[in-house]
Amino acid sequence: MSPLTSLPQKPWIWAWIGAILMWLIIMSVSGIVAGGQVMSAAASFGTFFVIVAIGQMFVITLGPGNVDLSIPACITLSATLAMKFMNGDPNLLLPGFLISLSVGLVIGTLNFLLILLLRIPPIIATLSASFLYQSTAIWSNRGLRVKPPEVLGDFAVSKILGVPILTIVVLILSVAMAFTLHRTRFGLSVLAVGQNQKAAKLAGIRVERVRFLTYLMYAVLAAICGFFLAGFSGGAALNMGEQYLLMSIAVVVIGGTSVAGGDANLTGLWGASLFIFLLVSMLNTLGLSAGYRLIVTGAIIVGIIAISGRKSAI
Amino acid sequence: MKINTIGKLCILATVGSMATTSAIADTSGKRIALSNNYAGNSWRQAMLTSWDKVGSAAVADGVVAAADAFTTAENQVTEQAAQIQNLILQGYDAIVINAASPEGLNGAVKEACDAGVVVVSFDGIVTEPCAYRIAVDFKQMGKVQVEYLADRLSDGGNLLEIRGLAGVFVDDEISAGIHAGVEENAQFEIQGSVHGDWAQDVAQKAVAGILPSLPEIKAVVTQGGDGYGAAQAFKAAGRPTPIIVMGNRHDELTWWKEQKDASGYETMSVSIAPGVSTLAFWVAQQVLDGNSVPQDLTVPFLEITQDTLEESLANTQAGGVANVEYTLDDSIAVITGN
Numbered sequence: 055m056s057p058l059t060s061l062p063q064k065p066w067i068w069a070w071i072g073a074i075l076m077w078l079i080i081m082s083v084s085g086i087v088a089g090g091q092v093m094s095a096a097a098s099f100g101t102f103f104v105i106v107a108i109g110q111m112f113v114i115t116l117g118p119g120n121v122d123l124s125i126p127a128c129i130t131l132s133a134t135l136a137m138k139f140m141n142g143d144p145n146l147l148l149p150g151f152l153i154s155l156s157v158g159l160v161i162g163t164l165n166f167l168l169i170l171l172l173r174i175p176p177i178i179a180t181l182s183a184s185f186l187y188q189s190t191a192i193w194s195n196r197g198l199r200v201k202p203p204e205v206l207g208d209f210a211v212s213k214i215l216g217v218p219i220l221t222i223v224v225l226i227l228s229v230a231m232a233f234t235l236h237r238t239r240f241g242l243s244v245l246a247v248g249q250n251q252k253a254a255k256l257a258g259i260r261v262e263r264v265r266f267l268t269y270l271m272y273a274v275l276a277a278i279c280g281f282f283l284a285g286f287s288g289g290a291a292l293n294m295g296e297q298y299l300l301m302s303i304a305v306v307v308i309g310g311t312s313v314a315g316g317d318a319n320l321t322g323l324w325g326a327s328l329f330i331f332l333l334v335s336m337l338n339t340l341g342l343s344a345g346y347r348l349i350v351t352g353a354i355i356v357g358i359i360a361i362s363g364r365k366s367a368i
Numbered sequence: 196m197k198i199n200t201i202g203k204l205c206i207l208a209t210v211g212s213m214a215t216t217s218a219i220a221d222t223s224g225k226r227i228a229l230s231n232n233y234a235g236n237s238w239r240q241a242m243l244t245s246w247d248k249v250g251s252a253a254v255a256d257g258v259v260a261a262a263d264a265f266t267t268a269e270n271q272v273t274e275q276a277a278q279i280q281n282l283i284l285q286g287y288d289a290i291v292i293n294a295a296s297p298e299g300l301n302g303a304v305k306e307a308c309d310a311g312v313v314v315v316s317f318d319g320i321v322t323e324p325c326a327y328r329i330a331v332d333f334k335q336m337g338k339v340q341v342e343y344l345a346d347r348l349s350d351g352g353n354l355l356e357i358r359g360l361a362g363v364f365v366d367d368e369i370s371a372g373i374h375a376g377v378e379e380n381a382q383f384e385i386q387g388s389v390h391g392d393w394a395q396d397v398a399q400k401a402v403a404g405i406l407p408s409l410p411e412i413k414a415v416v417t418q419g420g421d422g423y424g425a426a427q428a429f430k431a432a433g434r435p436t437p438i439i440v441m442g443n444r445h446d447e448l449t450w451w452k453e454q455k456d457a458s459g460y461e462t463m464s465v466s467i468a469p470g471v472s473t474l475a476f477w478v479a480q481q482v483l484d485g486n487s488v489p490q491d492l493t494v495p496f497l498e499i500t501q502d503t504l505e506e507s508l509a510n511t512q513a514g515g516v517a518n519v520e521y522t523l524d525d526s527i528a529v530i531t532g533n
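The listed protein sequences derive, respectively, from chains W and B. Residues are numbered in my numbering as their position in the first sequence, beginning at 1, plus a constant of 54. Residues are numbered in my numbering as their position in the second sequence, beginning at 1, plus a constant of 195.
Watch out, some of these pointers could steer you wrong.
[Stated by the list, open to error] With a straight-line cut-off of 20 Å between C-alpha atoms, the simulated SDA-like cross-links for lysine to any residue are:
id : chain 1 : residue 1 : chain 2 : residue 2
1  : W       : K138      : B       : T511
2  : B       : K248      : W       : W193
3  : B       : K430      : W       : G90
4  : W       : K213      : B       : E379
5  : B       : K430      : W       : W193
6  : B       : K452      : W       : G207
7  : B       : K248      : W       : S194
8  : B       : K452      : B       : D491
Hints were generated in silico from the structure; no laboratory data involved.
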């Protein structure tokens, strides 16, 4: 089979088709120049979705029931503690970043302990633990918005030839994670556990260790996302993580990763992130009211999942 | 030491009774609860802090016996209804509510009224007739922005509207006020409308997405908590900064001050002071005291102008939102003024 005819069977292709379609519609309404600017903005904002979605993708790939709902709280807590500690001082950038990383490590470990030791299903464990993390964020700074050090803010919004630097960094990260998923022992173990946990165990894979590393990795990625997001948008806010809960799952699923687990790809994450940003921008550009916007967004997402989720007969 | 404390108490009591005459004697045994549906943003945090500050001072002064705050975890109507029922059972004399829904809590509010509990709703008000309402004229809050712009831009021009959270009463009201203002000032046209969810990062993202498709924008009308994000989006797009109406947040006021100092940038800022919770507290206290209070009160919103910017900024906690807390006398003025 030639690569071209096999393309429609790639689960990630639909997200990209959707993204390009939205982009063409925006350009047909607003012109080529606007199209370029919108794409640059999409890359900026899509980057944050991708960081989080990479982690969620690994978790979802572990198989049915695996999903992490503590991510918004992790983003908020990481950003809040780091910004509060640095208090705008550029000399504290590195320790601030380390604080973010530790928040991720602690949350990932706690999540996994709840799942493993108390045998709580991941959805419930991560959701209930997220109240703990969110409350800690509220308690630590009462919602006061501390500005990031200027150098962090500048870095988060800087661009080379119209391409955000952060996007380039996350692109490199994506390639590394794709390699991890498809070429390393850890990645293949994640896929194997997702396909059949019992078989994976019998084959000698240490299932719980794989799960632990996966949840840990996700929390750390979310914490990093929080750190840069606070830099990008001028400070941490208590509700800054809110939209990443559903979006992290939507991006993974639209991107063609199997909800049933065991089958994942990173190419689709970028397509889906760009698609969602461009979709909302297109609907805003066309001036649809919020009600219609939500209906159209929902319908298109369902449509894409229906098409991309269909198992090919071959 | 002991004499000193008693002495202080006497002075407090004297001062208190001079200011409030009958209030202390009548409500000193009464307990007031705050039922709050959401605490997850800086405005709500400031609202709770103000409540705690004024409430605990009132308890210490013996004006009321308790002023406890309760916040639901999930911002859901059912959860808050159950919470109100619990507060009735716990024997509170008055319940002050910031409601998750204007209609959804009416059953629980009616139960409270029937049990003889005074119910005062504010910010997120309830429609149940037996409750007192401290409403903000959100429509007017939208309209003053356009009126200000009409003063500034006699030739009018294109506007970008940043709305709040879709489906929420407050968002519809402010937006209706903005649109009413634009209808009266035909020189303005709203070229685009996005939802910023009252959050800087969400507003920044939404504006960045629509901006390339828009013609020159003269001004941005907002709902609060979104002005700084809009400014960032204009900057990132390399566009000239329009007049962006701010929403009293510290980062917004700081940004405005920087622009003012650098280039004489002029705008206005408008929002509701989170301390409106303390007005609700005193209204509940006054009702318990047997004073006549109108069922519907309107609270003025807090407007910051070019001239009051420095003063407001200095009085606003870093990272917080401009605030006004009400004393008993302020509250009586609002009550009798209506």
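Exercise for review: Sort out whether T511 (chain B) lies within 20 Å of K138 (chain W), counting only the CA atoms.
Suggested key: holds, 18 Å
**Study point:** Hinted pair K213 (chain W) and E379 (chain B), Cα distance within 20 Å
**Key:** violated, 42 Å
Review point. Given the proposed pairing of K430 (chain B) with G90 (chain W), does the C-alpha separation stay at or below 20 Å?
Key: Since the Cα atoms of K430 (chain B) and G90 (chain W) sit roughly 17 Å apart, the hinted pair holds (cutoff 20 Å).
Exercise for review: Below or equal to 20 Å on CA atoms is what counts here, so check K248 (chain B) against W193 (chain W).
Suggested key: Distance ~16 Å between K248 (chain B) and W193 (chain W) Cα, so the pair holds.
Check your understanding: Does the structure keep K248 (chain B) and S194 (chain W) at a Cα separation of 20 Å or less?
Key -> Holds, because 18 Å separates the two Cα atoms, which is no more than 20 Å.
Check your understanding: Does the alpha-carbon distance linking K430 (chain B) and W193 (chain W) stay inside the 20 Å limit?
Key -> Status violated; Cα separation ~33 Å.
Exercise for review: Could you grab the alpha-carbon distance between K452 (chain B) and D491 (chain B) and see if it respects the 20 Å cut-off?
Suggested key: violated, 37 Å
Check your understanding: Taking 20 Å as the top limit, are the C-alpha atoms of K452 (chain B) and G207 (chain W) close enough?
Key -> Judged against 20 Å, a Cα distance of about 19 Å means the pair holds.
Checked against the numbered hints given earlier, the structure breaks hints 4, 5 and 8 and satisfies all the rest.
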